[in-house]
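Asks: Let chain A serve as the given structure and place chain R on it in line with the hints.
There are 2 protein chains.
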Amino acid sequence: VTKEEAVGLALSLVGRSEVAMLGTVNADGYPNIKALSKVATEGIKDVWFVTHVRTRRVAQLRNDARACVYFVDPAKFQGLMVVGSAEIHQDAAIKRRMWQPQFEHYFPLGVDSPEYCVLHFKGEKANFAWGLINVDIDV
Amino acid sequence: VTKEEAVGLALSLVGRSEVAMLGTVNADGYPNIKALSKVATEGIKDVWFVTHVRTRRVAQLRNDARACVYFVDPAKFQGLMVVGSAEIHQDAAIKRRMWQPQFEHYFPLGVDSPEYCVLHFKGEKANFAWGLINVDIDV
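Heads up: the protein sequence lines correspond to chains A and R, in order.
Just so we're aligned, residue 1 is where the first sequence starts under my numbering, counting upward by one.
Just so we're aligned, residue 1001 is where the second sequence starts under my numbering, counting upward by one.
Chain A with its partners taken away, still in its complex shape (with noise of 0.2 Å):
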């Protein structure tokens, strides 16, 4: 596949895909792999997820903002990672425009719950790979 081939599947992947892979680094230097639902996208450059501010994965962004989010399709052997740094984002703004109203399962308080926060992942690479084949990505 050419890059631009690469690119146009990489972006139908995420735009299927309603979970996405978060790899951090935890306080010990070891990886961490969690699942959590894709909230919203832009490109494959930027990807928002909401959680819960006294999470494992929030404390070790604070610690270590390096990661990676991993786009997947066992079906189809197809693999997009983008690695870049995520930070934690509480300002009512940009909780506003994330807040879904199923969230509130989640913070029965609210968009203004103060335990409600957006995870805000910038890719800086990316990689797609599909069985084999395995191409570079400009982000």
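Everything hinted at is true.
Taking lysine-lysine pairs in the BS3-like style, the calculated list, with each CA pair at most 25 Å apart, reads: (1) A/K76 - R/K1038; (2) R/K1076 - A/K76; (3) A/K76 - A/K38; (4) R/K1125 - R/K1038; (5) A/K76 - A/K125; (6) A/K45 - A/K95; (7) A/K45 - A/K76; (8) R/K1045 - R/K1003; (9) R/K1076 - A/K38.
Everything labelled a hint here was simulated from the structure, so no lab data went into it.
The structure displayed is predicted, hence computed values, not measured ones.
Replies: Frame of chain A, contents of chain R only:
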């Protein structure tokens, strides 16, 4: 859920997973994730994969053995993360033990192919998540 129930649910998740996510740390300290077909497991402590000796993750693990393996069932909101280390084996005995006929698609020279190697992940700590429930379990 009790710890015993979490162990049972975790073992069931491992058993029905064909694919697991392998987390590694690259030379720049960034987490990386790759989906790999599970070849064999023993409890939730040992997981074996097979791979090509010249892949990125083999190079990463030779540089930094710290790793994690993540099994996920997004439909059931279940995830098992096992943190530990991984080693690369190229000795004939373990290569023969893990060999499956369909690997010939990737290694035309067969079980003695010098490019075929076994990745043995050894878990040290595990965490099972089911929705908002989160339980540390022994490996």
